[in-house]
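Trainee: The residues making up each chain are set out below.
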Amino acid sequence: MAGSLIKIQEEIVTSAVASVSLLGINSTYDVYKVVLSNIATDTDNVFLETRVTVSGTPDTSANYDIAYKKFNAGSAFTNGFQTNLTGMLYTPFDRLGTAGNENGNAIMYLFNFNNASEYSFLTVESTMRDRGATLIGEQGGAVHTVAQACDGLNFDMSSGNIDTGSTFTLYGLKK
Amino acid sequence: MATNLQFIKSASGTSVSSLSVTDCFSSEYDVYNVNLIMDGSTTNKDIRLQYIYSGGTDTTANYVTAALFQGSYTGFIELRYSGQSSHLVTGYNYDGGTGINYTIFNPNDSSSYTFLNSQSSGAYNSSGVKLVGTKAIGVHQVTQANTGINIVPSTSTLENIKVSVYGVK
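Respectively, the protein sequence lines represent chains A and B. Here our numbering = 1-based position in the first sequence + 360. Here our numbering = 1-based position in the second sequence + 8.
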């Protein structure tokens, strides 16, 4: 029986890069899935920034809202929420580090990205070790409050580069 | 078109003290989706996960877990565990059954730690059967190639349990 999770694009970072884009979202699927595996940075104490792309270009307008519960193995859980950001900051990860295994992993589901008359929503669940080697995770979501068709996601670090070994994969969920 | 969620193997048991799924992780996949379903019994217990490697089941104190206990009858409870011999409280089980979904990142990579996300819905005894869900994150802080998982209850046995492992290609 044919399956329903279809890989569209995979980017494996083999040398440090400033940003990675996953493109190819269109009307083929209603829901898309993004898997981030072993996301690492070459600069200590930075976080991953996530933005929608329009015709392949990251949208940096101040129209991103985020909300999540931050799990923390070292202290009380907290709520994170902000509006009108220029990107999904701290989503899906808190601050990454350059010591061993201070990297992140996440699953995101994308909704309405190709719909030009609705906002683009996504859910996030992540698990990582932060710059202090503490287990951290986020359960939440984000929205880009612009009614436009988006064709992907762009990722960069708040400073420095995305490091070797980071893997970004975009899938479509077959209708 | 080939699918990119690929069934690898499953294991099942009836009234067992633990259930192992061996040789389900390899270098072929980085990310795995694991589904668990089980019946209940009238013994309250939490469901724990351990990794299997070339030396057997890893019970060294290298499991770190943070979880949110989401009870239908009480306020939510934050749970934090470090230096444990398993990922604790990845789900709860009582008379009525339990389902758990795990996402496991890079278990077979001998140069990285193994990370986990999980969510569950199950039964819990608090003056009768109550709904309890959990969301949990975890890291197994050992750089070794894990090849499988072992599911173990905090007490008693696992009833009519089935675990299925899928690779995300």
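Hints were generated in silico from the structure; no laboratory data involved. Fair warning: there could be bad hints in the mix.
[What the hints assert, rightly or not] With a straight-line cut-off of 30 Å between C-alpha atoms, the simulated BS3-like cross-links for lysine-lysine are:
hint: 1; chain 1: A; residue 1: Lys-534; chain 2: A; residue 2: Lys-367
hint: 2; chain 1: A; residue 1: Lys-430; chain 2: B; residue 2: Lys-177
hint: 3; chain 1: A; residue 1: Lys-535; chain 2: B; residue 2: Lys-138
Trainee: Evaluate each hint against the coordinates.
Mentor: Evaluated hints:
For the hint pairing Lys-534/A with Lys-367/A, the CA-to-CA distance comes to about 10 Å; that is within 30 Å, so the pair holds. The suggested pairing of Lys-430/A with Lys-177/B holds, with an alpha-carbon distance near 28 Å, which does not exceed 30 Å. For the proposed pair Lys-535/A and Lys-138/B, the alpha carbon gap of about 35 Å is over 30 Å, so the pair is violated.
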